[in-house]
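Asks: Listed here are the chains, written in short residue letters.
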Amino acid sequence: MQLSTKHLLGIKELEPADISLILQTAAQFKEVLQRPIKKVPSLRDITIVNLFYENSTRTRISFELAEKRLSADTINFSASGSSVSKGETLLDTVNNILSMKVDMVVMRHSASGAPHFLAKHLPNTGIINAGDGINEHPTQALLDAFSIMEKTGGLEGKKVVLIGDIMHSRVALSNIYLLKKMGAEVMVAGPPTLIPKHIREALGVEVSYNVGEALRWCDVANVLRIQLERQNQVLFSSLREYNLAFGISRRLLDSIKKDIVIMHPGPINRGVEIDSDVADGRESIILQQVENGVAVRMAVLYLLAGKKSEAS
Amino acid sequence: MAHQAVEQYDHLHDLVFIAIQPRGVFVGQKIAGIIQGLFPNEKIQYGVLDITFYRDDIRKELHTANETHIPFSIENKRVVLIDDVLYTGRTIRAALDALQDFGRPRKVELCVLIDRRFKRELPIQADYFGRAIDTHDSQKVKVNPETEEVLLY
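Top line first, the protein sequences correspond to chains A and B. Numbered according to the numbering used here, the first sequence terminates at residue 312, and the numbering increases by one at each position without gaps. Numbered according to the numbering used here, the second sequence terminates at residue 465, and the numbering increases by one at each position without gaps.
Any given hint could turn out to be false.
Keeping only pairs whose Cα atoms sit at most 20 angstroms apart, straight-line, the calculated DMTMM-like set for lysine to aspartate or glutamate is [stated by the list, open to error]: (1) K38/A - E379/B; (2) K151/A - D280/A; (3) K68/A - E319/B; (4) K30/A - E379/B; (5) K389/B - D446/B; (6) K68/A - D413/B; (7) K39/A - E319/B; (8) K6/A - D369/B; (9) K39/A - D326/B; (10) K6/A - E373/B; (11) K151/A - E379/B; (12) K30/A - E319/B; (13) K101/A - D73/A; (14) K38/A - D413/B; (15) K180/A - E206/A; (16) K39/A - D413/B; (17) K39/A - D446/B; (18) K12/A - D219/A; (19) K180/A - D446/B; (20) K39/A - D73/A; (21) K372/B - D45/A; (22) K38/A - E387/B; (23) K30/A - D409/B; (24) K39/A - E458/B; (25) K38/A - D368/B; (26) K38/A - D409/B; (27) K431/B - D413/B; (28) K68/A - D368/B.
Reference excerpt, derived from the structure (chain A facing chain B, CB under 7 angstroms, subset only) [stated by the list, open to error]: (29) T25; (30) E31; (31) L33; (32) R35; (33) I37; (34) S42; (35) T152; (36) I268.
Source of the hints: derived by calculation from the structure; they are not laboratory data. Quick caveat: nothing in here was measured; it's all calculated off a predicted structure. Glycine included, C-beta positions come from ideal geometry on N, C-alpha and C.
For reference, chain B alone in the conformation it holds in the complex (with noise of 0.2 angstroms):
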């Protein structure tokens, strides 16, 4: 996925990387890394993004606010959003929603670990994914960060 992400791009200038909370962040970090890798001259500009205050869902469920921390400007930037899961698209539409309050960006991707597919209720869709999984709508799906194992149950 790293490498998709940055393959027609021979620079990190105009290219940002922006993790949602909590658990895109564990995603978010691994693929800094293997592309900061791949540009060792050029710092990598990664961010983090706490959607709570953003949801669709907040009178029927209250969750705690995680920080928020993008320490650079995404005007006219190609923005690449990380999440661990993608299942019904409305924590990526909130994201949407928070990035705009930051500026307007060139381009915004989107690059998640897990796309289970065929569960969207919104109109969104992942550029890059790691795998794609089917699945009940009973089930959940979880990904472990340490062992980096992906638990259906």
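Just chain A, same shape as in the assembly (with noise of 0.2 angstroms):
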């Protein structure tokens, strides 16, 4: 078995089987992690640069972690404190970087497309989206849904809820993408400022401007992050509002007498978009998600790895 892809751009690219067999394989790479040498030679002979151009705390640590795990070799760059600040461009960056004999890129950039535009320029050269712009982060969508898999048993007819900012969250977008693929129902829930208008028929998700309604819905439900960055767009009028309108609350959870997983992708905003009863209770999987993300990464790499001697 094989991914029919040489990189991971996003979910949009990938083959439901691509999904199954990341899935499955990683799910023997978290055996590896629970060892008491947790790590295997696989990529011994690989080189793998991780290129963040945006901030990051658990993608950049849990795929370092990830590649260090599978005996790779690691190069990080960051854009602040680079030659990057000097005007050099992208593609410059990247070529210089490959020609000191690079096998992988895993790239965050904050320009979404970014890493389509590099593997339409390196054909040969394996590369990993790690977050672009308001577009994909096919990472998370994995982990979340291998942590949906191991916590109810399965994808398929599953009823999963994303909630708050959808409009620019590549979290949101990568995540429809899978579900939809592994045959699972979606909705997305929050302010209507906040939700794509046409979201409905362009991707064929239920959508819900009632938070508590969205919960009496489904099995799982995913918080996103408010991206507070973006307040100055106001797009709602305070997190004060934000919170009573559409925040998980405890009070809130425990009035829909049903017992649903809790999700967040993080990092959180505790008493945003979800109260910290909530973050820290018996529903949230928040933990095993990011746990989880190591043992799917380093599946995706491996996979990778394999295609990409293949064609040289």
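Reconstruct the complex from the two isolated chains, following the hints.
Replies: In structure tokens:
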């Protein structure tokens, strides 16, 4: 079994069989991570550069750990403190790094489509999108799917609601693509200003502007971060009001009288989109998501590294 | 083979059996079943090991990973590795590497159903084998788990 693609640019480009293969391989890597020695020699001959043009904690550490657990060599690059501030272009930067014999690129960039641009110019280098602008964050969607499967047994027929800033969220878009491809039902919920107008027709998801109603409908609620850096756009009046109208509180959760799974891709704004007693409550699998992220990223790197050598 | 593997022992404390995924598993289950019958008052320690991530040919061909399940410590134990066919020895090399990540066994032995003699690419030999056969490189040997037939083609 092999992936149908050489790069992981987005979930949009993957076949359902690719997603299954990644999730299945991730389950084996999760077992590796429970061993006394949490490391395998698979990518001993591979060098990977982590190019982060945008800030990140979880994704960056998770990728780096995944690479190290696979015995790959890693280089870390962040835009601040590099020649990017002297005006070097993305393609020049990457070409210079690749000339030092690097095999794969993991990239986060604030411009949507940046990894697609690289893949077009560097067809022989495996490129992994670690989040591009407001487009996709494929490994987050894969680890969310893995966590849902682990908790509930499968994806098919599951009802998943994504709550919050759907408009600016690459996590939301990747999750929608993935869940739809794997046969889950998807709803988006939040204030009308944060939900794209034609999303129902474009992506085939349900839409609700009432979080209570959405929670009653779903098996799994994936609560997204309110992107405070976009506050100046006045998409809702205040954080306090957002919390009262759309935040997940203990009282709201208890009122629906149903067991649901609560997820959040991090970083959490406690007391805005989710209250602390929910984020840390028994329904929450937020920390399991982070744990699973390493195994899922190991699976992606492993499967793409095998694919890469095939071309050369 | 099962009898050979335990003949110098009168208990199973320090003895563990680990079958190699995927095709060593049916041999392993069979052997584990027989040995359990010989020691009805003890619980046999039996696990399965997947060596996909330790292969030396992952750049040539990508294999699908299978489950690894070793629910006991192998530290200081005598480990009997079980597979169906011993051919080049590369699978066993990978299995020895994988085993190291679970601890330091006192001793590792190898038990295979079929030994394809004279085809080794590494200095690895079986301690116990069901049958040794001589084959050409172009031939394939497969053991059918249902009928327990050995197919040569």
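Asks: Next, verify each hint and record whether it holds.
Replies: Consistency of the hints with the structure:
1. Taking the CA atoms of K38/A and E379/B, the gap is near 16 angstroms; set against the 20 angstroms cutoff, the hint holds.
2. For the suggested pair K151/A and D280/A, the alpha carbons sit about 16 angstroms apart, so the restraint of at most 20 angstroms is met.
3. With a C-alpha separation of about 43 angstroms, the suggested pair K68/A and E319/B falls outside the 20 angstroms cut-off, and the hint is violated.
4. Our distance criterion of 20 angstroms between C-alpha atoms is met by K30/A and E379/B, whose separation comes to about 10 angstroms.
5. As the CA atoms of K389/B and D446/B are separated by approximately 33 angstroms, the hinted pair breaks the 20 angstroms bound.
6. Between the alpha carbons of K68/A and D413/B the distance comes to roughly 15 angstroms, so the proposed pair stays at or under 20 angstroms and holds.
7. A distance of roughly 36 angstroms separates the Cα atoms of K39/A and E319/B; the hinted pair therefore is violated under the 20 angstroms criterion.
8. Of the pairs offered as hints, the one joining K6/A and D369/B holds, with about 19 angstroms between alpha carbons and a cut-off of 20 angstroms not exceeded.
9. A C-alpha spacing of about 26 angstroms is found between K39/A and D326/B, which places the hinted pair above 20 angstroms, so the restraint is violated.
10. Restraint check for K6/A and E373/B: satisfied, since their Cα atoms lie roughly 15 angstroms apart, inside the 20 angstroms limit.
11. Note on K151/A and E379/B: the hinted pairing holds, with a Cα-Cα distance of about 19 angstroms set against a maximum of 20 angstroms.
12. Straight-line distance between C-alpha atoms of K30/A and E319/B comes to about 37 angstroms, which puts the hinted pair past the 20 angstroms bound.
13. For a cut-off of 20 angstroms, the pair hint linking K101/A to D73/A stands: about 11 angstroms separates their Cα positions.
14. Taking the CA atoms of K38/A and D413/B, the gap is near 8 angstroms; set against the 20 angstroms cutoff, the hint holds.
15. With a C-alpha separation of about 12 angstroms, the suggested pairing of K180/A with E206/A holds against the 20 angstroms cut-off.
16. Proposed proximity of K39/A and D413/B is supported: the alpha carbons are some 8 angstroms apart, at most 20 angstroms.
17. About 38 angstroms separates the Cα atoms of K39/A and D446/B, which puts this hinted pair outside 20 angstroms; it is violated.
18. A C-alpha spacing of about 24 angstroms is found between K12/A and D219/A, which places the hinted pair above 20 angstroms, so the restraint is violated.
19. A distance of roughly 53 angstroms separates the Cα atoms of K180/A and D446/B; the hinted pair therefore is violated under the 20 angstroms criterion.
20. Only pairs whose Cα atoms come within 20 angstroms are accepted, and K39/A paired with D73/A is accepted, the gap being roughly 13 angstroms.
21. With a C-alpha separation of about 13 angstroms, the suggested pairing of K372/B with D45/A holds against the 20 angstroms cut-off.
22. Between K38/A and E387/B, the direct Cα distance comes to roughly 16 angstroms. Compliance with the 20 angstroms bound is thereby established for this hinted pair.
23. As the CA atoms of K30/A and D409/B are separated by approximately 19 angstroms, the hinted pair is consistent with the 20 angstroms bound.
24. At roughly 35 angstroms between alpha-carbon atoms, K39/A and E458/B are farther apart than 20 angstroms, so this suggested pair is violated.
25. Taking the CA atoms of K38/A and D368/B, the gap is near 19 angstroms; set against the 20 angstroms cutoff, the hint holds.
26. With a C-alpha separation of about 13 angstroms, the suggested pair K38/A and D409/B falls inside the 20 angstroms cut-off, and the hint holds.
27. Taking the CA atoms of K431/B and D413/B, the gap is about 28 angstroms. The hint is violated against a cut of 20 angstroms.
28. This hinted pair checks out: K68/A and D368/B have alpha carbons roughly 18 angstroms apart, not beyond 20 angstroms.
29. The criterion of a C-beta within 7 angstroms of any C-beta in chain B is met by T25/A, whose closest approach is roughly 5 angstroms, and the hint holds.
30. This hint holds: E31/A has a C-beta 5 angstroms from the nearest C-beta of chain B, less than the 7 angstroms allowed.
31. Among the interface hints, the one on L33/A is violated; its C-beta lies about 11 angstroms from the nearest C-beta in chain B, farther than the 7 angstroms criterion.
32. Restraint check, R35/A versus chain B: the minimum CB separation of about 5 angstroms is within 7 angstroms; hint holds.
33. Here the hint on I37/A is kept, as its CB sits about 4 angstroms from the closest CB of chain B, short of 7 angstroms.
34. Against a cut-off of 7 angstroms between C-beta atoms, the interface hint on S42/A holds, since the closest Cβ of chain B lies about 5 angstroms away.
35. The interface hint given for T152/A is broken, as the beta carbon of that residue sits about 20 angstroms from the closest beta carbon of chain B, more than 7 angstroms.
36. Hint status for I268/A relative to chain B: violated, with the closest Cβ pair at about 33 angstroms, above 7 angstroms.
Of the numbered hints given earlier, the model fails hints 3, 5, 7, 9, 12, 17, 18, 19, 24, 27, 31, 35 and 36; all others are met.
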